[in-house]
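As they're listed, the protein sequences go chains A and B.
Per this note's numbering, residue 589 is the first one in the first sequence, and the count goes up by one each step.
Per this note's numbering, residue 452 is the first one in the second sequence, and the count goes up by one each step.
Honestly, the hints are just simulated from the structure, not real lab data.
As the structure is a computational prediction, the values presented were derived from the model and not from experiment.
Each residue gets a CB set at the ideal place from its N, CA and C atoms; glycine is no exception.
Any given hint might turn out to be false.
Using 25 Å as the maximum straight-line C-alpha spacing, the simulated SDA-like pairs for lysine to any residue come out as follows [claimed, not checked]:
#1 A:Lys592 x A:Leu907
#2 A:Lys782 x A:Ser819
#3 A:Lys658 x A:Arg718
#4 B:Lys574 x A:Leu593
#5 A:Lys592 x B:Asp594
#6 A:Lys592 x B:Thr537
#7 A:Lys592 x B:Met593
#8 A:Lys684 x A:Thr764
#9 A:Lys817 x A:Ser639
#10 A:Lys592 x B:Gln590
#11 B:Lys573 x A:Gly895
#12 A:Lys800 x A:Glu665
#13 B:Lys573 x A:Gly891
#14 B:Lys577 x A:Gly891
#15 B:Lys485 x B:His542
#16 A:Lys592 x B:Phe549
#17 A:Lys800 x A:Glu826
#18 A:Lys592 x B:Ala578
#19 A:Lys658 x A:Ser637
#20 A:Lys592 x B:Arg592
#21 B:Lys577 x A:Phe595
#22 A:Lys817 x A:Ser648
#23 A:Lys592 x B:Lys577
#24 B:Lys485 x B:Gly518
#25 A:Lys592 x B:Thr569
#26 B:Lys665 x B:Leu492
#27 A:Lys729 x A:Ser933
#28 B:Lys577 x A:Leu593
#29 B:Lys573 x A:Gly887
#30 A:Lys660 x A:Arg695
#31 A:Lys592 x B:Met567
#32 A:Lys783 x A:Phe715
#33 A:Lys592 x B:Leu571
#34 A:Lys592 x B:His595
#35 B:Lys573 x A:Phe595
#36 B:Lys674 x B:Asp659
#37 B:Lys577 x A:Arg596
Over the 12 Å line for every Cβ pair with chain A, so calculated as not near, a few chain B residues [to be verified]:
#38 Gly472
#39 His481
#40 Lys485
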Amino acid sequence: MLLKLLFRNAFRHRLRTLLTIGGIAVAILAFGLLRTVISAWYAGVEASSASRLVTRNAISLIFPLPISYKEKIRSVEGVGVVSYGNWFGGVYIDEKNFFANFAIEPRTYFNLYSEYLLSDDETAAFFRERKACVAGQKLAKRFGWNVGDTITLRGTIFPGNWDFVLRGIYQGKDKTIDDNQFFFHWDYLNETLKKNLPRRADQVGFYMIGLKRPDQAAATSEAVDGLFKNSYAETLTETEKAFQLSFVSMSEAIITVIQLVSYVIIVIIMAVVANTMAMSVRERMGEYAVFKTLGFGRGYLAGLILGESFTLTSLGGLLGIGVTFPIASAFARAVGQFFPVFHVSTETILMDVAAAVIVGVVAAVIPIWRVVQVRIADGLGRIG
Amino acid sequence: MLSNHIAVIEITDLVKSYRRGSQSIPVLEHLFLKIEEGEFLALMGPSGSGKSTLLNLIAGLDQVDSGSIRVGGEEITGLSEIELATWRAGHVGFIFQFYNLIPVLTAFENVELPLMLTGLSKKARKAHVATALSLVSLQDRMDHYPRQLSGGQQQRVAIARAVVTDPTILVADEPTGDLDRHSAEDVLRLMDQLCSELGKTIVMVTHDPRAARKAHTLKYLEKGVLTDAPQIAVPECL
Ligand SMILES: Nc1ncnc2c1ncn2[C@@H]1O[C@H](COP(=O)(O)OP(=O)(O)OP(=O)(O)O)[C@@H](O)[C@H]1O
Ligand SMILES: [Mg+2]
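Please work from the sequences and hints to get the whole structure.
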């Protein structure tokens, strides 16, 4: 019966309650979306492996390294597989259709990136053909590509129209893997350059190094960079994670602001719910005094108020979490090119739940304290 | 006074004052009172004389400054707030001027409320509530919410709530203060019946001479002093 009472209390002012629940839902939704944006931002970092190193030109990422470094790097202690590639920067039909596209050495690259799942047939077909390319599942879906299609990219860094034949569609091992990328043979790029722009041939944008043991990352990076010290193209080698993070950190300030805003939203809704609870409890002070008169202890009163507060926040929270998924996927469709990995993680949902619980507790604290403090005679005086 | 009756409420040398800022306002000074089992006592007196204060002390809603209050042989002045709450739940039935029913609970649920603190099963509670509601002739209204009942009916539900736990004493602070004459008479008849037929001990604070006349004993409180004979001719004028 006390449970019934708690629900009836919660819905006594239907409009106020519905508005509060709506407010909580919107806040939880906004919180969830912002957290998802943040995790999308860090998706590349999260998915990156600690057992891979990236070697690039020490001056800047825009400057290339000679292909001749490959054998030298391979000779370094602790280095396993060495792959390499270039950021191609090709445009598909229109600038708006942005996606990441790389020229890579296929065998070593897919060896290093076992999280990109490609069937054996597709792998073989991709390796075999010089003009072959593979695309991530999401990307292929976005443009309606099927295996066998010819795809033309307009070069921006490397001029001309480049034709590729889609030989495979890869899937991410899990949802955190970016399946919005496009890969083709580095040899195809290089041979074409040799013909048209020989000055820019035999150069790579980055080397990817698979470590034999992840704990050797520091020593190996140092060894690789030491190798090219004082050469005309010095290198900077770091773990893939650090490499990805260096991109993200460029926008660290924005992330910090988003993070801050997400917490501010929770604080605001906390104030709103606390206000609703304080109003309701103040109006019912006389009733709580009756409960006290009848001998109901603090535990009961706290339970009633906390329960009512939780009723509001859990309904609002559930509603908010419920709408987060469809809205997040709509959002993902709209901004998919900027956030290749945009999905609501379990962690975000847990944070939503935690936020709802915290709001519920905080909103109930002051009303509970007031009800416990009030003298019965004073509380009764409020009726009539 | 019949000396062979047992005093169910025994107040000895009671002092109570309220603190307002730094000064203390004495309300009850060295007050003595004995109420016997089955008595229906009306407490009258001018506004601000301390009637509600006294009633609250008897009912364990407030703490005394000094003195002793024994109810049913138990000293209640030494009890902590939490102990008092438990004691009230078992020993005191409350009737208020403004009924103080919980608006979101039905008549049945309102009467059931005090039983939630007992270990009674749902079935036993149901039986108790049914008995209490039939006592106030409202068994056919048990699914009604307070707003669907008249003032008199609400007060009768409140009386059912007060007696459902079979308390040692019933306290009523101006139970007819908010009722029309007809409903007030119903409520008073009911209280009289509780006293004469069920042997309940009732302490009632009232301004209403008609209510006071229903009671068996009349006490008059003025300036912290309790007297038997009213200093104004209240009952005679009716
Ligand atoms: N909580 C309180 N704090 C300070 N003073 C109080 C408090 N409650 C009551 N008083 C004072 O104590 C005195 C007695 O109050 P009480 O309510 O007992 O009077 P009463 O006889 O019931 O009056 P009424 O007939 O108007 O109900 C009054 O002077 C009142 O102002
Ligand atoms: Mg009073």
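We went through each hint and held it up to the structure:
1. A:Lys592 x A:Leu907: Holds - the C-alpha atoms of A:Leu907 and A:Lys592 are around 21 Å apart, at most 25 Å.
2. A:Lys782 x A:Ser819: This hinted pair holds, its Cα atoms lying about 24 Å apart.
3. A:Lys658 x A:Arg718: holds, 21 Å
4. B:Lys574 x A:Leu593: Roughly 19 Å between the alpha carbons, so the hint for B:Lys574 and A:Leu593 holds.
5. A:Lys592 x B:Asp594: holds, 15 Å
6. A:Lys592 x B:Thr537: Distance ~23 Å between A:Lys592 and B:Thr537 Cα, so the pair holds.
7. A:Lys592 x B:Met593: Since the Cα atoms of A:Lys592 and B:Met593 sit roughly 17 Å apart, the hinted pair holds (cutoff 25 Å).
8. A:Lys684 x A:Thr764: holds, 24 Å
9. A:Lys817 x A:Ser639: Between A:Lys817 and A:Ser639 the Cα gap is close to 23 Å, so the pair holds against 25 Å.
10. A:Lys592 x B:Gln590: Satisfied, since the Cα-Cα distance of roughly 22 Å is no more than 25 Å.
11. B:Lys573 x A:Gly895: The hint holds at about 22 Å.
12. A:Lys800 x A:Glu665: holds, 9 Å
13. B:Lys573 x A:Gly891: Distance of about 21 Å is within 25 Å: holds.
14. B:Lys577 x A:Gly891: Distance ~24 Å between B:Lys577 and A:Gly891 Cα, so the pair holds.
15. B:Lys485 x B:His542: Given that 25 Å is the threshold and the Cα spacing comes to 17 Å, the pair holds.
16. A:Lys592 x B:Phe549: Judged against 25 Å, a Cα distance of about 24 Å means the pair holds.
17. A:Lys800 x A:Glu826: Given that 25 Å is the threshold and the Cα spacing comes to 15 Å, the pair holds.
18. A:Lys592 x B:Ala578: holds, 20 Å
19. A:Lys658 x A:Ser637: holds, 21 Å
20. A:Lys592 x B:Arg592: holds, 20 Å
21. B:Lys577 x A:Phe595: holds, 22 Å
22. A:Lys817 x A:Ser648: Holds - the C-alpha atoms of A:Ser648 and A:Lys817 are around 15 Å apart, at most 25 Å.
23. A:Lys592 x B:Lys577: holds, 17 Å
24. B:Lys485 x B:Gly518: holds, 14 Å
25. A:Lys592 x B:Thr569: Given pair A:Lys592, B:Thr569 holds - Cα atoms ~18 Å apart, limit 25 Å.
26. B:Lys665 x B:Leu492: holds, 9 Å
27. A:Lys729 x A:Ser933: holds, 22 Å
28. B:Lys577 x A:Leu593: holds, 17 Å
29. B:Lys573 x A:Gly887: holds, 21 Å
30. A:Lys660 x A:Arg695: holds, 19 Å
31. A:Lys592 x B:Met567: At roughly 13 Å apart (the allowed maximum being 25 Å), B:Met567 and A:Lys592 satisfy the hint.
32. A:Lys783 x A:Phe715: holds, 22 Å
33. A:Lys592 x B:Leu571: holds, 19 Å
34. A:Lys592 x B:His595: Holds, at about 16 Å.
35. B:Lys573 x A:Phe595: holds, 20 Å
36. B:Lys674 x B:Asp659: Holds: B:Lys674 and B:Asp659 sit about 19 Å apart, inside 25 Å.
37. B:Lys577 x A:Arg596: holds, 21 Å
38. Gly472: Non-interface label stands for B:Gly472: nearest chain A Cβ at 16 Å, farther than 12 Å.
39. His481: holds, 22 Å
40. Lys485: At about 24 Å from chain A, B:Lys485 clears the 12 Å cut-off, so the statement holds.
Consistency with the previously given hints is maintained throughout, with no hint failing.
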